[in-house]
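Peer 1: Residues per chain, in single letters:
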Amino acid sequence: MDLFLQLTLAGLAIGSIYSCVALAVVMIYQATDHFNFAQGEMAMFSTYVAWTLVGLGAPVWLAFLLAVGISFLAGVVIERVIVKPVENAPVLNQVIVFIGLLVIFNAAAGWIWEFTIKPFPSLFPEDLGFKSTLIGPHHLGVIALTLGVLALVFAFFRFTRVGLAMRAAAANPDSARLVGISVGWMLALGWGLAASIGAVGGILVAPIVYLEPNMMAGVLLYGFAGALLGGVSSPGGAVLGGLVVGVLENWVGQYVPGGSELKLTFALILIVGVLVFKPAGLFGRVVVRRV
Amino acid sequence: MDRPNPVTPRLLAGFGAAVLFAAVVPHLVSDFTSFQFTQAMAYGIALLGLNILTGYNGQFSIGHSAFYAVGAYTAAILLYHFEWNHYATLPVAALAAFAVGFLFGLPALRLEGLYLALATFAFAVATPQLLKFDALEHWTGGVQGLFVPKPEPLIEGLSADQSLYYVTLAVMVFLMAVAWCLLHSRSGRAIMAIRDNPIAASTMGINTALYKTTTFGISAMYTGVAGALSVFVTEFVAPDAFNFFLAVNLLVGSVVGGIVSIPGVIFGGLFLVFVPNFAQDISRAYPFVPPPWAIFGIFLILAMYFVPFGVWGAVERGFAWWKRKSAAGR
Amino acid sequence: MRIRNMLAAAAAAALLAGTAHGADMTGITDTTIKIGNTNPYSGPASVYSVIGKTISAYFKMVNDMGGIQGRQIDFISLDDGYSPPRTVEQVRKLVEQEQVAFLFQTLGTPTNSAIHRYVNAKKVPHLFVATGASKWGQPDKFPWTMGFQPTYDVEGETYAKYVLENVEDPKIAILFQNDDYGKDYRDGFLHGLGDKADELVVSMLPYEVTDPTVDSQVLKMKESGANVFFNITIPKFAAQAIRKSCEIEWKPVHLLNNVSSSVGATLSPAGLDCSKGLITAQYIKDPVDPQWQDDAGFKEWVGFMEKHMPGSDLTDANYAYGYNVSRLLHIMLDGCEDLSREGIMACAANLKDIELPLLLPGILVNTAPDDFYPVQAVQLSRFDGNGWVLFGGIFDSGK
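Protein chains in written order, with our numbering: chain E, 1 to 291; chain A, 1 to 330; chain H, 1 to 399.
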């Protein structure tokens, strides 16, 4: 029973990381109607920026805020300069551009910072006044901060005019244009926001998995899975989806025969299985098509 | 543009000239270059499968590395454990890949767009893990992989590389012709109708489910044949060669060549073999140029800017423009 | 034994000298020696690319100082992205198009496996490959391929011996990477445990390189009640496992594979306090270890790094590895009279008690026509919070 509890808590802890990435994925999907495959590498790059700032002597929270700000600007610039030329191209062309961005960021990070792993300081104090071997302070902090970001994102989309305009621009660009929304800039803004959320994710992940150019590959895979499990149209669903994937992965490894060797395979089969019965994800809206 | 061209004498003549040219190539270049072209053609066959599925039927896949692996391992196991003739393994590899693809197409029916992409991607990610699985190790060679011999030259006087080049060329031409016939048949029109308007297609009485799963199977079959040929070329299979990088590469090749085209796959295959080498040459020539991968990424983005419909799309558009111009001038 | 080897070597050399007439001098001119190499400069294994860069820098230095036997070294290092089909392509390019004299330090087990038969069929020397698998030392079947570092299974056996001799009532947990490298180590270790392996091993868990963390594996191993932990992981996961077991206060006898024994690359990210008590088997002087700071060989390396690779991360033990193996090739070629392919292979197979600047004191390079394992000795050491402290004798599987 103790092991069950430990595995579940450890699953929640790592699941919170997936959630954070899943949230970034859903965020950019809401704001731009696309999945950005370079999301993980952009987050990794942002984390290196924060790491460099810490190395220059900045306190970790300041480095965190600066990196999030820089990532926002970088996201906007990338959309305006690199993604804009394929704005109206078929979706696969955009996917290829994203793959191009992915390899560029990955290679550039290795070129600038080399490939050895780097420890990244946690944003949270080591001593929270209690001690537990079940879940560490950093993991608790990750869950809290992810929920905080979720609340902010939710409020932003729900209660601000810009948020509403962004949703409109993504959902129906033509009508949005007619009511006077600058669709291009809304997309750029969406990229900026997604890059910032990615940066938050990267900086939360790094203390756990260590900073290196391939840090996000595995995390992003599970993050995508979490996002789809929860439903890409639902930020709350994405957070829950990430947590479920984290826990599921641990249970499968322990309780399914052969599971420790085929953990990933089983986890993916389960997710695909869920999707077959709930094609829009657990919490996603089913889009009704008109002929 | 979204449909294969009708047969015209000019098209046939062009095709014949291209095949003739391809037939001379191994005698003009070194064995090594023939080997590179063979690799490119093997990729081309795999891309053809992806084009049929994604370009003509509208189903996304980032998981074709899995079918490539099915074909490759089927051939390797038959060669290694049962010492079959190389070419006899091709139809079996094709069948095995078809079966896996068809079965995979069943759950895929329920999924669309991104969700389908993820399901196929999951399949690609899980493939190396399955190939390493201890219980299958006796057959797959586990993490160590399997060695297979290169096929002996079919005709005396040819080197092994030249012979394999011709075999691959013949298989590719044959499979391109089959694809062309398929897409021009009644079934082909149904396949494309499903892509363009699934609801209208089913109201017209097309059995959407059957067509979609069968197309999945056929697509997998093409890719499986390519996988088997790739084993002859590299003489070795190991699980980690079939990771999701391969799946992503196949998608890249398809789009760069022109995903809604048959001849485009040749350019896609050439791109996959030669552009990384070209990127590396650039990177090696100057000490302060970023690493090869970054340059490859830049090439990808530029390709999307300048040939948005793929190389073949650009060729077709250029041809149409020239035709309009000469018609106007007359 | 040694004398017999030498006699055999002399006989082989005489035989080769006899055939040297029509010897294959591909890649060798009066002014140059062409050497080929593949390395993962892109993709997931890029962490090893510094080895290729170090070798390039080393031979650039050698060229600036006049080359080897008056010949300039043309070292061509190509990117294979750690993908076996790409390795086949690049190696064929090196052999058939670039016409290199021989291949040196091609990196990776699956990648080298893919070209193993090709290079032997082509009779191209395939020297000092950068992998610890045991299959590179089979002169009877593959007379053109030679390894370099102590093999993973020998190292695994060394740990097994240590456990059997020093741990009372061992209950062993093994964490391994699910590929050829992880399984080689694991099998060597199990082999070393002998018949008792089944009862002694209470938990054996794999991980994939794509896994984000190994935290849950560590939890399970603790739960299994193990008091010995054999950690077969690459630096990233090794650091995670060390930190996690420290966090959950699991304190087994912790055996860490040499692959991740770098203080700079693994232990300091994991936390030096948490790393106290780790045991590993070593053959290279760790760059961060304080005990070597005044060592002549170590200073030679630091001098090289500062002059020829300024700005590099000196805590990365891969630079030391690259320097060591370049030095070995340099020494070998310097003393090699017959530079035909057969001659180069004979020279590689007759290395006697060669000292390298960064090998542990007492560990020497030795090869013979029937011994294609250049470095076969390791020594156990324990981490005391600052550096590795060697203990026990040198364990030489070649003797």
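Note that these hints are calculated values from the structure, not bench results.
These figures come from a predicted structure and were not determined experimentally.
For every residue, glycine included, the Cβ atom is placed at its ideal position computed from N, Cα and C.
Errors might be hidden in some of the hints.
[What the hints assert, rightly or not] DSS-like, lysine-lysine: derived pairs with alpha carbons at most 30 Å apart:
1. H:K122 - H:K352
2. H:K276 - E:K118
3. H:K123 - A:K150
4. H:K53 - A:K150
5. E:K118 - H:K307
6. H:K141 - A:K150
7. A:K150 - H:K135
8. E:K118 - H:K251
9. H:K122 - A:K150
10. E:K118 - H:K53
11. E:K118 - H:K299
12. H:K251 - A:K150
[Stated by the list, open to error] Which bits of chain E does chain H cover? Going by a derived footprint, with three or more residues having C-beta under 8 Å, they are:
13. 205 to 211
14. 216 to 227
Peer 1: Next, verify each hint and record whether it holds.
Peer 2: Against the structure, the hints come out as follows:
Taken as a hint, the H:K122 and H:K352 pair is honoured in the structure, with Cα atoms around 27 Å apart against an allowance of 30 Å. Between the alpha carbons of H:K276 and E:K118 the distance comes to roughly 19 Å, so the proposed pair stays at or under 30 Å and holds. Using a Cα cut-off of 30 Å, the hinted pair H:K123 and A:K150 holds, with the two alpha carbons roughly 17 Å apart. At most 30 Å may separate the alpha-carbon atoms for a hinted pair to count; H:K53 and A:K150 exceed this at roughly 34 Å.
Note on E:K118 and H:K307: the hinted pairing holds, with a Cα-Cα distance of about 25 Å set against a maximum of 30 Å. Between H:K141 and A:K150, the direct Cα distance comes to roughly 19 Å. Compliance with the 30 Å bound is thereby established for this hinted pair. A threshold of 30 Å between alpha carbons decides the hint, and for A:K150 with H:K135 the separation of about 22 Å falls inside it, so the pair holds. Of the supplied pair hints, the one linking E:K118 and H:K251 holds, its CA atoms being roughly 24 Å apart against a limit of 30 Å.
For the proposed pair H:K122 and A:K150, the alpha carbon gap of about 14 Å is at most 30 Å, so the pair holds. Between E:K118 and H:K53 the alpha-carbon distance is near 21 Å, which keeps this suggested pair within the 30 Å criterion. Taking the CA atoms of E:K118 and H:K299, the gap is near 25 Å; set against the 30 Å cutoff, the hint holds. Proximity of H:K251 to A:K150 is assessed by CA-CA distance (about 52 Å); at most 30 Å being required, the pair is judged violated.
Here's how the stretch 205 to 211 of chain E fares: 4 of its residues keep a CB closer than 8 Å to some CB of chain H, so the rule of at least three is met and the hint holds. Only when three residues or more bring their CB closer than 8 Å to a CB of chain H does the claim for the stretch 216 to 227 of chain E stand; here the count is 5, and the claim holds.
This entry does not satisfy hints 4, 12, going by the numbered hints stated previously.
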